[in-house]
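Following the hints, complete the assembly by docking chain B with the ligand onto the known chain A.
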Amino acid sequence: MDFNYDLAVGTTRELNQKLNAAGTEDADVSVRVLNPKGAHALAVGMTSNVSVDIEGHVGYYCAGMNQKAHITVLGNAGPAVAENMMSGRVVVSGNVSHYAGASAHGGLLVVQGDSSSRCGISLKGANIVVRGSVGHMSAFMAQSGSMVVCGDAGDALGDSLYEARLYVRGSVASLGTDCIEKTLREEHKREIDALLESSGVTGADASEFRRFGSARNLYNFDVDNADAY
Amino acid sequence: MPTKKNSDDKLSRQHELRSRLRESATYPREVIAEIQRAAETGIYDIRGWGAKRKVPNFDDLLFLGASMSRYPLEGYREKCTTSVTLGTRFASKPIELKIPITVAGMSFGALSGPAKEALGRGASAAGTSTTTGDGGMTPEERENSDILVYQLLPSRYGMNPDDLRRADAIEVVVGQGAKPGGGGMLLGQKISERVAGMRDLPEGIDQRSACRHPDWTGPDDLAIKIQELREITNWEKPIYIKIGAARTYYDTALAVKAGADVVVLDGMQGGTAATQDVFIEHVGIPTLPALRQAVEALQELDMHRKVQLVVSGGIRSGADVAKALAMGADAVSVGVAALIALGDNSPQFESDYNELGSSAGFYDDWHEGLDPSGISTQDEELAARFDPVLGGRRLANYLNVLTLETQTLARANGKSHVHNLEPEDLVALTIEASAMAGVPLAGTDWIPGKNNF
Ligand SMILES: Cc1cc2nc3c(=O)[nH]c(=O)nc-3n(C[C@H](O)[C@H](O)[C@H](O)COP(=O)(O)O)c2cc1C
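Chains as they are written, first to last, in the working numbering: chain A, 1 to 229; chain B, 230 to 682.
Derived from the structure by calculation, the hints contain no laboratory data.
Just so you know, even glycine gets a beta-carbon here, dropped at the ideal spot from N, CA and C.
Covered stretches of chain A (chain B as the covering partner; in silico rule of three or more C-beta atoms under 8 Å from a C-beta of chain B): (1) 39 to 45; (2) 61 to 72.
Straight-line distance between alpha carbons at most 30 Å, and here's what the computed DSS-like set of lysine-lysine pairs gives: (3) B:Lys-308 - B:Lys-535; (4) B:Lys-535 - B:Lys-327; (5) A:Lys-68 - B:Lys-322; (6) B:Lys-486 - B:Lys-322; (7) B:Lys-308 - B:Lys-327; (8) B:Lys-486 - A:Lys-18; (9) A:Lys-189 - A:Lys-68; (10) A:Lys-37 - B:Lys-486; (11) A:Lys-18 - B:Lys-322.
Just chain A, same shape as in the assembly (with noise of 0.2 Å):
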């Protein structure tokens, strides 16, 4: 059944059991959150196929740990927004802070504003999309998954890289350790339509954006790659 739930009198505890509780595996059910005001770990650890929408800001790990939800933020979200999401869909209407998407194993996380830096930190299979800019060390570590920026990349992108895709429309600022340019060939063209469309994010084209990945130099230890490590 949906419902409001308004946290200038509620508190996150009971809101994370309610929602929780308001999951079944085949009902669509949808909730409105109220007067987030910064609060910490809301919707976290959601496991069924609710739609929650916040309308406010959120502080630290909002959508931590998602399962299946549909998780929307309606202002900027504090560091670490959807860390570590298994599946389902998170999006941010305004900026989020660092971390976003760390480590995130599964589903979609979609940054409509500009994203601080270490966005999609040790990702590991999820798609991140950000309308705006990403800061600096951005896709540090990632593991797999996709990252698509359509405004520009701090430094470092892709520091110490592993086999995660990047593509940036706008400028690089520069690029970390081990990570380089690649040739933007058809398959990643589509692989950046569909994140678009899913995304909602219009006015990009894919042709317009570049790739990075890793040089896989640093795989395997080599000495004359001293300078590197």
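Okay, now just chain B with the ligand, sitting in the frame of chain A:
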């Protein structure tokens, strides 16, 4: 033609010259060998095990026992209980252990699947917990562990909310005694298909896991991270924070502030699966002084026994356990000793160890994945040498011996629960140990640094 006499003369001359050889204290043989190895390979030495240098440790302490002013308890007949509850501060489902000894976190990846299973079997048979490691939770270890602690590490390999909820407790790993401030290493030889799959990495690469968590920096963030973990697990599970022994007084206080139910403190002697030798031997402080500092921090915050303290790093015997408890720990945990109990470094494999240029009792190249005992390997043939049922039995035996020894010492000091052991029961054999442990030098009432001298 050389006569017998000539060759005898030559031999005795050689003998005489040899007996005049003088080994340098600055450049002993192992130092020379390391310089030669470095020059040949161009890479630092990586190895498993813990620090091999001698540091002040529990052997430098003695129990006073009972006499005129203290009554001993009757061995066997009078009860000396050993149970421990961990996680009483915030968790609604604290952990109940029958013995004050747990099995430390060791990763699947570093260890084989059957070895992890055996750790679960042994710990469960002895009534205690075991711990996952950097690489996630395997079904075998969950199934075979009555109480399983799930580690949240910087790498987040295999981290997922289902396993988080399946766990009995959660351990946020900030550091390890063998390498405070260092990330994990798992070299290509051990990144098998299964290990790579669980960690979401390409097979066969040299994996260096992160040394900092990806989503928090510092104790203020960590407090919020812990709130998230508690929300996800319904405030049921105890949350431990594991620290390597460094600035232990402050680190313990900060762990308490960040909201830990349990602090796990790992001293510099603590084991590792693979770390640079230079890191193992030169970073961090020994278990002995770290333990004293942690207890002091807890006492000053009025949190001693409210936030439980688990100590590891070179725990080998019931004497070590009893002394750690007397200094104020609530429990200890064992890593290397548990592997030895399973059968690592067993003389049974001497010829295999020799082939690897090592010997039973010295083998520490666990990172190479060639472990003849089949414990620290991902090679299926080697792993098949190891029987997890027998291994589990051996570990349970070992844990039972540690418990019996601990009780023996507790009774000797007149204690009906092992937690009643106290610093007052201890004296130190050396000035160093006295200063570090904060107990008087035997036969004196002197503790260096106390009372202004
Ligand atoms: C083979 C091996 C693997 C280890 N893996 C981990 C790990 O994944 N995570 C961790 O926090 N500590 C790990 N450790 C450290 C242990 O948890 C523990 O701190 C240490 O072994 C305790 O010292 P002891 O070996 O002297 O008993 C490992 C240790 C060994 C020997």
